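Asks: Here are the chains, one letter per residue:
There are 2 protein chains.
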Amino acid sequence: MQTVIFKNPPVITFSSSVAGPKESEGELSHFFDYKLKDDMYGEKTFEKAEAKIMYSAIDILLSKSKIKEDKIGLILAGDLLNQIISSTFAVRNFNCPYLGIYNACSTFTEALLVGSLFIDRRYKDNIICATSSHFSSAERQYRYPLELGSVRPPLSQWTVTGAGACMLNVKGEGPKITMSTVGKIVDFGVKDANNMGGAMAPACADTLLTFFKETKLEVDDFDLIITGDLGVFGTRVFKDLMWEKGYDVSGNHVDCGELVFNINEKEYQGGSGAGCSSLVFCSFFMELFKKKKLNRVILIATGALLSSLSALQGESIPSIAHLVCIENMEGKK
Amino acid sequence: MQTVIFKNPPVITFSSSVAGPKESEGELSHFFDYKLKDDMYGEKTFEKAEAKIMYSAIDILLSKSKIKEDKIGLILAGDLLNQIISSTFAVRNFNCPYLGIYNACSTFTEALLVGSLFIDRRYKDNIICATSSHFSSAERQYRYPLELGSVRPPLSQWTVTGAGACMLNVKGEGPKITMSTVGKIVDFGVKDANNMGGAMAPACADTLLTFFKETKLEVDDFDLIITGDLGVFGTRVFKDLMWEKGYDVSGNHVDCGELVFNINEKEYQGGSGAGCSSLVFCSFFMELFKKKKLNRVILIATGALLSSLSALQGESIPSIAHLVCIENMEGKK
Numbered sequence: 021m022q023t024v025i026f027k028n029p030p031v032i033t034f035s036s037s038v039a040g041p042k043e044s045e046g047e048l049s050h051f052f053d054y055k056l057k058d059d060m061y062g063e064k065t066f067e068k069a070e071a072k073i074m075y076s077a078i079d080i081l082l083s084k085s086k087i088k089e090d091k092i093g094l095i096l097a098g099d100l101l102n103q104i105i106s107s108t109f110a111v112r113n114f115n116c117p118y119l120g121i122y123n124a125c126s127t128f129t130e131a132l133l134v135g136s137l138f139i140d141r142r143y144k145d146n147i148i149c150a151t152s153s154h155f156s157s158a159e160r161q162y163r164y165p166l167e168l169g170s171v172r173p174p175l176s177q178w179t180v181t182g183a184g185a186c187m188l189n190v191k192g193e194g195p196k197i198t199m200s201t202v203g204k205i206v207d208f209g210v211k212d213a214n215n216m217g218g219a220m221a222p223a224c225a226d227t228l229l230t231f232f233k234e235t236k237l238e239v240d241d242f243d244l245i246i247t248g249d250l251g252v253f254g255t256r257v258f259k260d261l262m263w264e265k266g267y268d269v270s271g272n273h274v275d276c277g278e279l280v281f282n283i284n285e286k287e288y289q290g291g292s293g294a295g296c297s298s299l300v301f302c303s304f305f306m307e308l309f310k311k312k313k314l315n316r317v318i319l320i321a322t323g324a325l326l327s328s329l330s331a332l333q334g335e336s337i338p339s340i341a342h343l344v345c346i347e348n349m350e351g352k353k
Numbered sequence: 021m022q023t024v025i026f027k028n029p030p031v032i033t034f035s036s037s038v039a040g041p042k043e044s045e046g047e048l049s050h051f052f053d054y055k056l057k058d059d060m061y062g063e064k065t066f067e068k069a070e071a072k073i074m075y076s077a078i079d080i081l082l083s084k085s086k087i088k089e090d091k092i093g094l095i096l097a098g099d100l101l102n103q104i105i106s107s108t109f110a111v112r113n114f115n116c117p118y119l120g121i122y123n124a125c126s127t128f129t130e131a132l133l134v135g136s137l138f139i140d141r142r143y144k145d146n147i148i149c150a151t152s153s154h155f156s157s158a159e160r161q162y163r164y165p166l167e168l169g170s171v172r173p174p175l176s177q178w179t180v181t182g183a184g185a186c187m188l189n190v191k192g193e194g195p196k197i198t199m200s201t202v203g204k205i206v207d208f209g210v211k212d213a214n215n216m217g218g219a220m221a222p223a224c225a226d227t228l229l230t231f232f233k234e235t236k237l238e239v240d241d242f243d244l245i246i247t248g249d250l251g252v253f254g255t256r257v258f259k260d261l262m263w264e265k266g267y268d269v270s271g272n273h274v275d276c277g278e279l280v281f282n283i284n285e286k287e288y289q290g291g292s293g294a295g296c297s298s299l300v301f302c303s304f305f306m307e308l309f310k311k312k313k314l315n316r317v318i319l320i321a322t323g324a325l326l327s328s329l330s331a332l333q334g335e336s337i338p339s340i341a342h343l344v345c346i347e348n349m350e351g352k353k
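Protein chains in written order, with my numbering: chain A, 21 to 353; chain B, 21 to 353.
Chain A extracted, bound-state conformation (with noise of 0.2 Å):
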C-alpha cells in the first residue's frame, strides 16, 4: 500500500501566502495576504528575497493563529534552491524544531504528508507546512542568466514568486487530511528541462491511479483534483493518461499552475515551482473550504527531480507526485 489512512486526521486551521508581483495581478490576487511590489522585498539578492517571503508566510501564519513560536512543535519546509536554502534562512529566524524536506515542487504534499503522521500520533502539535519558490532564484539557478535576456520557449512555465504556509493541529476547525499517497519515481526519458509538465505528468497520473485502486474511490467521489504545477501541456498529458486507465478527470481537474496567472498572460503554459501549490492552496483552496464551497479534494503535488547538473550530463527528468486527501469532515463523525 502506497497509501495511508490517517486514523487521527490532522486539521488544517490556518493558513497564509505571499504572492510577487505577477501573482498579486492574478486572478487569485485578492485571495493572497500579502502582495510584494517589487520582487527583490527590499533585499540585496534574488535568494534573500526568496527566503523573506518564506519567512514572511510563515510569519503571517504566526499572527492569524495566535501561537506563539514556542508552542510551534515543528517546521518542515522544502524549496527549489541548492541544498533548500530559502527554507533554512526562512526558518533560522524562528527558535523552533525543523525538518528540510525536498522533492522538488511537490514538496508541499510531502510537508503535509510527514506533518500528518506526527498529528495523527499526538507527537506533536501545531506543525507548520511551507514551500516557497520565486522566478528569478529559480531561472538564474536551472536556467540562464536573467540579463541574457533568452527567448523562452513555448512549453516552459513560469516559476512562481511566492510562499504558502499551513498549520495543521491534532484539533480546530478545518478541513482535514484524511489520507495520503507516497508517490513513486517515474521517468519516461523526458530530456526537455523546459518541458517540467510533460515530464512530471506521468508521475501525476501514476500516484492517482494508485490511489484509486488502493482506496477504491472513485473521480466523482471528489469536489476536484488539483494539481501542483502541470501547466497547460502537462495537464493535457495527465487527462490523457488517465483516460487511457479510464478514468475521466476532465470534469472536475484544476491545476494551480493554470489558476495563478491571468488567462491573457504570455505565460502560455501557467505556473510552476515548488511555491506554487502552496500559495494558491493556502489562499484560494482553504478560502473555499472555509465556505463550505468545498468537501472533499484530492491534491497531487508534482515534482520534477532534475538539477541543473543532472540535464547537462545528459539526464532525463525523473519526476515525483506525492497525494493528499484534504475533506471537510462536519456532519461526519
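Rather than coming from a laboratory, the hints here were simulated on the basis of the structure. Values in this document were obtained by computation on a predicted structure and should not be read as measured data.
No distinction is drawn between identical chains; accordingly, a pair holds when it is met within one copy or between any pair of copies.
Capping the alpha-carbon separation at 27 Å, the derived lysine-lysine pairs in DSS-like fashion look like this: (1) Lys233 with Lys88; (2) Lys233 with Lys91; (3) Lys91 with Lys27; (4) Lys144 with Lys27; (5) Lys42 with Lys55; (6) Lys191 with Lys144.
Following the hints, complete the assembly by docking chain B onto the known chain A.
Replies: Showing chain B alone in chain A's frame:
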C-alpha cells in the same frame, strides 16, 4: 517537547555500506560490505558515481534482507548534491515509494526519525533509509574544482565517499530506535565554509542538552554518544559546550568523522558528509550491536545548512542536529 518517544519502536534489521577507496584503507575497512577501488565506480562523472554508490548500498541491503523490491514500503534518502540528485538517480532504479529529505549531514538521522514514524504507526513496513556523499562531487560543488589543486586549510574536513543504508521493520532481530529529538537551527555566526565542525558543534550540543533535559537521562545512561561528523576541532568545541552546561561527555563520545579514516591520515580533522554517519553506523556500529558489545547509544548527525551561493552572499552557516536513541531491547519488555 522536541523529543519523540516511540510507542512501537522500529527495529533496524539490516544495514549495508559501500565505501570509497580512501575510506576502505581506514581502520573500519573490514566492516564495509563493498569497497571501491576507484572513486569513479565505472561512471563518467563523480555525480553519477555517487548515485551508483547509493544504488549499490540499497541493492546490497535488499540482498542481505532478502526482501523483494515490491515489498519495500518506502525509501527515505538524501545527499549533499544540488536537488539531492544522488538520491533521485539511485532510487529511480527501484519501483518503490520515495520521500526525499535534506538537512545536510544530519539527513541520516532525519531519515531514521521519519521512517520510525511510519513504522511506529504501522502504516508501512520494510522502510529503507539511505544517505551518501562523495568527496569529489562535494568538493567541486561546494569549494573548488579539484584540478585547481587548492591547498586545504587546517580546519577542513574530508568529505566521505560512501553510502550507508538500513532497513527499518515492525518486527525482527536488531537494535531498536526508541527515541528521537528533532533539532532546531543554531547559528553562532561562523562564516568559514572550511570550518564546518566549528559551525555544527553548537547545534549538536543544543540538541543533546534538549534530549537530556526532556528525558531526564544522563551521559552515563549510554554506552556511547556518537556524533556524525564534527571532526577533531568540532568535537573539541562540542565537548567544551557540554562541559559548560555541566555534562562531561569526554568518557564515552566518539565521532564518525574521527573514526572513518586512519589515525595517521593527512586529513587531520577527519571525515564529513551525509555519507559519513550512515557509512560508519551501518557498518561498524551495527556490527557492535549485533555482537552485543553495544546496548544503548545516542546517534546525533550534524548538518551545516549552507550552499556555495549562501556562502558567497556573505551568509553564516546555520546548523542543525537530529538525534536518535538506539538500543538493544532484549531482556526488556
